[in-house]
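**Student:** Sequence order for the protein chains is A and B.
Position 441, counted from 1, in the first sequence is what the working numbering calls 441; the numbers after and before it change by one each time, with no gaps.
Position 32, counted from 1, in the second sequence is what the working numbering calls 32; the numbers after and before it change by one each time, with no gaps.
Source of the hints: derived by calculation from the structure; they are not laboratory data.
Hints should not be assumed to be uniformly reliable.
Claimed, not checked - Where chain B lies over chain A, by a calculated footprint (3+ residues, C-beta under 8 Å):
1. 311-323
2. 353-366
As the list claims (entries may be wrong) - Pulled from the structure, derived: some chain B residues nowhere near chain A, Cβ distances all over 12 Å:
3. Met35
4. Ile39
5. Val54
6. Gly57
7. Gly63
8. Val65
Claimed, not checked - Subject to a maximum C-alpha distance of 25 Å in a straight line, what follows is the list of computed DMTMM-like cross-link-like pairs (lysine to aspartate or glutamate):
9. B:Lys36 x A:Asp328
10. B:Lys2 x A:Asp199
11. B:Lys17 x A:Asp274
12. B:Lys2 x A:Asp179
13. A:Lys319 x B:Asp5
14. A:Lys263 x B:Asp5
15. A:Lys246 x A:Glu290
16. A:Lys39 x A:Glu198
17. A:Lys451 x B:Asp5
18. B:Lys2 x A:Glu198
19. B:Lys36 x A:Glu363
20. A:Lys276 x B:Glu33
Don't be surprised by glycine CBs; every beta carbon is placed ideally from N, CA and C.
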Amino acid sequence: MDIYQKLDEKRGWAAQGGRLSEKSAKLLAGKLFVRDRLKLLLDDEPDFEDGLLAGIDKGVPADAVVTVIGSIGGRQVAVIANDITSKAGTWGYQTFIKITRFQQLAFDLKIPLIYLVDSAGARIDEQKLCYLGRRAWGNIFHNQVKFSGAIPQLCLLFGPSPAGAAYVPALCDVVIMVDKKATAYLGSPRMVKMAIGEDVTEEELGGARMHCALSGLGDVLVQSDEEAIGVARRYLSYFPSSYAQKPDVSAASPKAAAVDLTKVIPHNQNVPYDVKVLIEALADDGSVLEIKPLFAREMVTALVRMGGRPVGVVANNSKVKGGVLFNDSSDKAARFIWLCNAFNIPLLFLQDISGYMIGSSVEKAGIIRHGAKLLSAVCEATVPRISVMVRKAYGGGYLAMSGAPTQPDAMLALPTAMPALVGPEAAVNAMYFNQIAELPESERAAFVARKREEYGADIDVYSAAADSMAVEAVVHPNELRDELIRRYDAYSRKRAEAFEKRNPVHPV
Amino acid sequence: MKHIDSPMAGTVWKIVKAPGESVDFGDTVAILESMKMEIPVESNHSGTIAEILVKEGDVVDEGTVIARLA
Numbered sequence: 001m002d003i004y005q006k007l008d009e010k011r012g013w014a015a016q017g018g019r020l021s022e023k024s025a026k027l028l029a030g031k032l033f034v035r036d037r038l039k040l041l042l043d044d045e046p047d048f049e050d051g052l053l054a055g056i057d058k059g060v061p062a063d064a065v066v067t068v069i070g071s072i073g074g075r076q077v078a079v080i081a082n083d084i085t086s087k088a089g090t091w092g093y094q095t096f097i098k099i100t101r102f103q104q105l106a107f108d109l110k111i112p113l114i115y116l117v118d119s120a121g122a123r124i125d126e127q128k129l130c131y132l133g134r135r136a137w138g139n140i141f142h143n144q145v146k147f148s149g150a151i152p153q154l155c156l157l158f159g160p161s162p163a164g165a166a167y168v169p170a171l172c173d174v175v176i177m178v179d180k181k182a183t184a185y186l187g188s189p190r191m192v193k194m195a196i197g198e199d200v201t202e203e204e205l206g207g208a209r210m211h212c213a214l215s216g217l218g219d220v221l222v223q224s225d226e227e228a229i230g231v232a233r234r235y236l237s238y239f240p241s242s243y244a245q246k247p248d249v250s251a252a253s254p255k256a257a258a259v260d261l262t263k264v265i266p267h268n269q270n271v272p273y274d275v276k277v278l279i280e281a282l283a284d285d286g287s288v289l290e291i292k293p294l295f296a297r298e299m300v301t302a303l304v305r306m307g308g309r310p311v312g313v314v315a316n317n318s319k320v321k322g323g324v325l326f327n328d329s330s331d332k333a334a335r336f337i338w339l340c341n342a343f344n345i346p347l348l349f350l351q352d353i354s355g356y357m358i359g360s361s362v363e364k365a366g367i368i369r370h371g372a373k374l375l376s377a378v379c380e381a382t383v384p385r386i387s388v389m390v391r392k393a394y395g396g397g398y399l400a401m402s403g404a405p406t407q408p409d410a411m412l413a414l415p416t417a418m419p420a421l422v423g424p425e426a427a428v429n430a431m432y433f434n435q436i437a438e439l440p441e442s443e444r445a446a447f448v449a450r451k452r453e454e455y456g457a458d459i460d461v462y463s464a465a466a467d468s469m470a471v472e473a474v475v476h477p478n479e480l481r482d483e484l485i486r487r488y489d490a491y492s493r494k495r496a497e498a499f500e501k502r503n504p505v506h507p508v
Numbered sequence: 001m002k003h004i005d006s007p008m009a010g011t012v013w014k015i016v017k018a019p020g021e022s023v024d025f026g027d028t029v030a031i032l033e034s035m036k037m038e039i040p041v042e043s044n045h046s047g048t049i050a051e052i053l054v055k056e057g058d059v060v061d062e063g064t065v066i067a068r069l070a
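With the rest of the complex left out, here is chain B (with noise of 0.2 Å):
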């Protein structure tokens, strides 16, 4: 299954994109807050969310899978 995945450390401060919204190639899933600054969470593929694995405030590990796509 295609996820979309942390791409560094840091604390999930926005989460933009609700499951069952279609999401492109690029667009921004979450915003996390690391080093002082937002850092978007973009998705690799294009599909619909099925599932968002983190909610606002969580601390997440480069890698950590911020959601899945159907």
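Next up, chain A with everything else stripped away, as it sits in the complex (with noise of 0.2 Å):
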């Protein structure tokens, strides 16, 4: 045979993957192939490809990974890609081998990474060579810890993701799961039922909708192949290449409509109203990606662009469980405001708090320490930040919304902003306990509704303004956004200093 077409042959029976195989066609079933989720995820053809004829000594075509340079909107990106087809996407050795060289690829290239992920875990058959030692599999993982913050990672979710293998997605800044086709769990249905008696099925165990909805796994839950990799084009967009550089600005365009922004916001404190609709409002139209829309709804956490400009927003929703704290929405603002500030996207609060939860259950579920998690990360963060009060604005839950105290370039308020340490009720309760227990029976009331009153006038959004410490400006609610888009643009020229340190000690 003449050596070139030697080459093609090798070359065209790697890139075919398993295909051929009758069983791991079937593995494909309403799925895309990996290449075909190349084409779509990138602009163009890949720059270039490593590792291609690895494993052919195996008969394991590209040892079941596939490692490429491409375009994402015309910027570079690494994309390393698991091919259910080929040994069901297994990890060998010469895959772990291709996926830690191409992290440090793109670390060294400052790229954005990205895990297109559809394997059934470790190849049992190679975990001599692959799982103990300083170079096995789980480099992987050390490699993810390090270059995390340095550099977006993206996981997309099309299949299986099992046991230790669940830690690519873990350890990524975002996971896009495609329900009823990704699972991640540590143990298999089979496994549970083994060790601990459990009877469970695959998709209650570990699915894309779980993950999404209640574990906190998955950021975004999409119906497609297709769909996943539409939302990664999307959300790069609002990423810079590496925490070295800002996010791009693009093109201002104006609202299409503008939303009276007054008939929104209820003026009655304890009526629920969906933040969305403010959020919608504030942002460029058809700008708000969401991330974990099903998990902790309470809070709501989207990329959105302002004035063309990318920001974080970080949400209280009084239509979800009156908007109150709890451990899962706090967890989940947390790690949206370190995400957005170790890409330098500037931070949005939109404050409408009664506080966090309180109760015993919530306290032995460690709300104090989830909580000091988001006021850790809302201290921390150095990005350009403005906090809107837009109703309530009680406690620690004010605070942990990027309070005045925390060092917000702005603290805003709309004129129906209620800031207080505690509300009516339980600031009279507080204060007056003992004088309403030593009143007749029949005075009490009076006498609460009169030092409630009183107590709420004083809470009102003029006597927080008089503090030019508390509030920057009160702001009315249909010129917010482009006070928002000025002072974004003013603030983003600063330039943010850590001082120097190991690592603060997290609470966590």
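Starting from two chains that each stand alone, build the complex the way the hints lay out.
**Tutor:** Shown next as structure tokens:
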């Protein structure tokens, strides 16, 4: 055979993966082949591919993983993509060598790294070589942690990612999961049955919907491979290539239709409303990408653009659980703040918070340390940060939502704002408890009502605005978007200096 | 049997739906008062209310069954 013909043949064989085997082709049902995913993900053909011929000696095309450099939106990215048709996408020795070398390359080039995961996990017959030593599967996680915050790391979970492999999504910045296809669990249903006697389906144990709504491992639930790829391309558009750059500011376009926000935000502080309507009104049209929309919904975290500039929004949603802070909502917001701060994305906090949840069940579950985690993420953030008091701003919740003492660049308030350590009911109960008890029963209600009214009159936005250290400006809601755009434009010229230390001791 | 649970601890302020009424996904079945906020208890199924298991003024925990659907 001609040597050049031989090259074509070898490359062709490796590139088709395991699709010629009937068994492997079955694993592809309802999914795209790895190279078709790459075609959709990248603007064009990849610039180059490494390790196409790895595993050829063992008859495993590309050793079950495709590693390429290509472009998304005109910017270079590195992609590590499992091929489920090649030995079920499992990790062998060459697989982890290819993966770790590509992680290092992405870091050296300071470009985003995207993991397209669809893998049955570790190749147990290669464990001797791959499990224990210094050069082993675990290096993949070591690299993910080392490069976290330096370059964006995205995970698109198209299929299984069992046991140890489940840490690949867990250590990425964002995880996009395909409904009914993606799964992640430490022990399979069969192993769970054997070890602890529990009967559970794969979907209940580690399905995409479970992870996106309950465990919080998943960030965005999608219905198809194509949709996952679309979300990933869109997500990256908000990010710079690395921590050393700022995100691109796209051309600003005016809103097609102005929403009258005086009609959106209820004046009655106890009446819930959907804060997503406010976010849509403040953001450029079509620019809202919600992260974890199904998880801890009392807190909304979303990437948006304002005047073309990417901004990360953290907002209390009174429509769900009154917008009260819980453990999961604290975790959700803290992680989102770390994400934005790592990649120079300014932050916007929309406060409407009656506080952290109280009671014995949340105390046992550690609400104080979870709340402290959010507070520490807020206080650590050095990107431009603006807080808007929309309605309630009570107690510790106000601080966790980037209140003035946590040093935001600006603390703005709407006329609907009600800042106070506690609301009138709790305040009167605390301040006059003994006095109320001493009053004759018949006089108590009137006394309480009068004191609540007096206290309520004092928790007014203008008594806050009288202190220029508490509120920079009281803004009409319909003027808020333009005010924010002008302020971010100014604050983005600030340089944030971190002072030297090894690492903060984070509450978790 | 499908049921609708309390999303958080609080006091039942208002029962909105009665047995025999039909509900859709997202419909408010009852309203709690908790943390000084009105907290709607929304149905996560569609169906007909068979039974309301709480009354106004009851203190409920997260996960307390508020209603059963037929």
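**Student:** If a hint holds in the structure, say so; if it doesn't, say that too.
**Tutor:** Results for each hint:
no.: 1; hint: 311-323; result: holds (count 6)
no.: 2; hint: 353-366; result: holds (count 6)
no.: 3; hint: Met35; result: violated (5 Å)
no.: 4; hint: Ile39; result: violated (5 Å)
no.: 5; hint: Val54; result: holds (18 Å)
no.: 6; hint: Gly57; result: holds (17 Å)
no.: 7; hint: Gly63; result: violated (10 Å)
no.: 8; hint: Val65; result: holds (17 Å)
no.: 9; hint: B:Lys36 x A:Asp328; result: holds (20 Å)
no.: 10; hint: B:Lys2 x A:Asp199; result: holds (21 Å)
no.: 11; hint: B:Lys17 x A:Asp274; result: holds (22 Å)
no.: 12; hint: B:Lys2 x A:Asp179; result: holds (23 Å)
no.: 13; hint: A:Lys319 x B:Asp5; result: holds (16 Å)
no.: 14; hint: A:Lys263 x B:Asp5; result: violated (31 Å)
no.: 15; hint: A:Lys246 x A:Glu290; result: holds (21 Å)
no.: 16; hint: A:Lys39 x A:Glu198; result: violated (41 Å)
no.: 17; hint: A:Lys451 x B:Asp5; result: violated (36 Å)
no.: 18; hint: B:Lys2 x A:Glu198; result: holds (22 Å)
no.: 19; hint: B:Lys36 x A:Glu363; result: holds (19 Å)
no.: 20; hint: A:Lys276 x B:Glu33; result: holds (23 Å)
Violated hints for the displayed structure, listed by number in ascending order: 3, 4, 7, 14, 16, 17.
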